[in-house]
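There are 2 protein chains.
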Amino acid sequence: MSRASTRRRSHDRSRAKSSLAGAPAYLTRKNPAYELLDEEALVRLEDHADWLLSEIGIEIRDDPEAVELFRQAGATIDGELLRFDPGHVRALCQTAPATYTMHARNPARNIEFGGTNLVFGSAYGSPFVSDIKGGRRYATLEDFQNFIKLTYLSPWLHHQSGTICEPVDIAVNKRHLDMVYAHLRYSDKPFMGSVTAPERAEDSLAMAQIVFGEKFMQENLVIQGNINVNSPLVYDNTMTAALRTYAAANQGNVISPFIMGGAMSPLTQPAIIAQAHAEVMVGIALTQLVKPGAPVVYGSFLTTIDLKSGAPTFGTPESTLATLAISQLSRRMGLPFRCGGHLTASKIADGQAMQESTNAMNPAVMAGANFIFQAAGWLESGLTIGYEKFVMDAEQCGALARIVAGLEIDDEQLAGDAYREAGIGNNFLGVEHTMRHYKSANFRAELADATPFEQWSEAGSKDMQQRAYELWNRMLAEYEVPPIDPAIDEALLGFIARRKASMEDAWY
Amino acid sequence: MSRASTRRRSHDRSRAKSSLAGAPAYLTRKNPAYELLDEEALVRLEDHADWLLSEIGIEIRDDPEAVELFRQAGATIDGELLRFDPGHVRALCQTAPATYTMHARNPARNIEFGGTNLVFGSAYGSPFVSDIKGGRRYATLEDFQNFIKLTYLSPWLHHQSGTICEPVDIAVNKRHLDMVYAHLRYSDKPFMGSVTAPERAEDSLAMAQIVFGEKFMQENLVIQGNINVNSPLVYDNTMTAALRTYAAANQGNVISPFIMGGAMSPLTQPAIIAQAHAEVMVGIALTQLVKPGAPVVYGSFLTTIDLKSGAPTFGTPESTLATLAISQLSRRMGLPFRCGGHLTASKIADGQAMQESTNAMNPAVMAGANFIFQAAGWLESGLTIGYEKFVMDAEQCGALARIVAGLEIDDEQLAGDAYREAGIGNNFLGVEHTMRHYKSANFRAELADATPFEQWSEAGSKDMQQRAYELWNRMLAEYEVPPIDPAIDEALLGFIARRKASMEDAWY
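Heads up: the protein sequence lines correspond to chains P and B, in order. Residues are numbered in our numbering as their position in the first sequence, beginning at 1, plus a constant of 1. Residues are numbered in our numbering as their position in the second sequence, beginning at 1, plus a constant of 1.
By construction, these hints were calculated from the structure, which means they are not laboratory data. Misleading hints may appear alongside valid ones.
What the hints assert, rightly or not - Looking from chain B toward chain P, a few residues come up when the C-beta cut is under 7 Å (computed):
1) K31
2) V44
3) S55
4) A99
5) Q270
6) D307
What the hints assert, rightly or not - Quick look at which bits of chain P chain B covers, simulated, 3 or more residues with Cβ under 8 Å:
7) 64–73
8) 265–277
9) 351–360
10) 372–378
11) 382–393
12) 406–420
13) 436–447
Glycine is no exception: its CB is placed at the ideal position from the N, C-alpha and C atoms.
Turn these sequences into a full structure, and let the hints guide you.
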């Protein structure tokens, strides 16, 4: 490498570091949440959720322990079917905390859930990855590590999410060990553990204990499980067992009905919203029956289907309305709220992808969401995480951070002195007020191109995906692993080796 | 053409017609407007606008008639510089109507301005056009006509805007005649006339009179002028003369400060907002001094610049905040409000274009805008109108129409019967409730692709731009000109011929 390019690399690296160093660990929304529905409509939705739980009921399948907890709490039990008097489930949720801290390996990255706080996290759950050069392919552990690194490097992502993608090159019963290790080793922000089996949740907790200490974790949140409901109105034992494992350890659960209206619920939005509210309350209640005061997030993931093909659709107007409405129900529960994300059915990071993603994401922010994972990388209805899409979405998270910071209307911002200096009809580029503010006034996008047509053409007429390709490659090239105590690293690796040695590979 | 393809074409054509026939002439927003700022902040902004008009002042250049109107109304005049006591300009705006009808050539396309109504219109003002096959090139009259036709065919665009693109193949002093003719002949929705010179505004009015009748136009709005302020704090005589021409005829003006913060105003959003408020009030006041009760729209077009290059930027978080705030100021004036649009600096309809466009447009809708032109086609900071972008944007207008229709929370929408029919854990695709609602519950996007990856690949892995190319070509192929009284058409053509014969071509 020439001396010039070495110097440039070292300069670039210090830029990458400093952008991370100045980044907020989480956001605090200064703007009011948007209130779509009035009191009467909200009460009607809550009443309907109560009707569902008392008249239709909800099933917890293959988990007698969970059913027994609800029996003792006063639910009406008929085999696996639970029914609740109106208001009962909501009352069982009352011990859930309204706000709490989630600790990161790096304490400067601790986040606060609830209130007016807002946390962005990466995508979750894709079996495929894609980039514009390599195309779409099954994800590997290397991809998983890459996305952890990109999350670490992004100043606009606060939470690493969990199963960013499925490392399908690792056995199903062992990959959670490599994933949790990657979360703990290649980044230092908060993350989620495994939920695919209770013993994998236990492993996730054990690895977190190596890093954070068993005693610390008895009182403090460091890891979460991402729990989906098997809608309509069913919890399966995989989810409830993982939920109980995290709650029993006083760790977190993010509980989200994932409802595609018309399939897993009736087609109409009010039904979807009320059903989701009923479902999520039962999950929240279960965390509190296992461990009163256990931290939990009220989640929702409500979307639509194409009624000709049955395919899921995202960023649709109906899902926007559902997001706005259910956020109000969560606020009336007084719990941290998760919804939204940069969601799309598009296979590539084209116009459709960004139109749908922006449509899906921005209402969640306006609605007052506290936790938005799936905020970077989603493509193809979640089947794929895209490298270009990831950095494009992350930049949009930066823009949203500027929006939630709001406006301050004071003398300095009103700039009376600038008018006295510039006079009428003249431009303000050179006035002192502009000099005082030009570094901080505007969010600076890196991927959005505002150059003149001629300049853009001469630079190769690159679309946003092509510029994003260059950005994520540069970021990975400049990545430096954050420090870890070598003894802790050794202990983690030892734990993984022992656990892997104790099992045969399972591939399904 | 084979019989099968004839049948398909005829089927397609009837579909295109029926989608237009069922389209609403305008929208009525059921959702509350988003309120970003509190009373104290809003009063502060209004006070600062008053301060600007009393301490700094505003200039009206080369239009002594306009200055004289303000002198008679009590402004303090110093040459071309006008100053106003606090509250004075606002008081002069009080005769402007809060709501009014704009008449279309087809009465079924009449629109209502103000209140909770919402009108979408096409882009305005581009010298260039582009499509993915033909690339970027100067616009011609054929392009202008094509975009009128596409606007006519779109069920989601209610207003034809005005100078959709500049037909640069026609002489500068004559092209307004061909543009107004295209508006009146190739579509039947409301539109804007010429503002580039008073005599061109007079020609626009004269042509409208041929269609609507002179007497009808004395009492009814059928044509508008799009007036921009020469910010900071200057109106030039081109704009004020056109404004006075339309107002004197009791026709409409849409008055919008176009401010790129940091250049035509200080850099900080509160200053931009207060300045825009001051500027637009002066224009509104002028319409009322010319003709009390003349219909006028409170417009704003506030955006940012890239502070490294000075290039304008769109869909930025700062412009979102400005849009949300100034909408509140307009609402306190009680006037129809114009802002927003599908705006972008991107040169092509890629991810950047749709991310920025959605970012720019959706807050305008949430903010309670009444009139959003620039809603379809914008590219390259307005320098280009794109064919693919046009139909992509128009589809998003359809999605927004669904959002503003809001949610109705009643028994039918809550779907209690669907749960009794489906039972727990089963899908709802076949239940009666779904059958009752599947045709109308969800907005149906035509360009957004939700098919599985394999199906999408087999169909050619087309991105949204490629699908959009097919759509706009199909639309133009199926276009049928709306009927017009042949005597009126002849009179229009005769007027144009006489006016063209009266002038030498001017090319600048």
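For a quick check of understanding: which of the numbered hints are violated here, in increasing order? Violated: hints 1, 2, 3, 4, 7 and 10.
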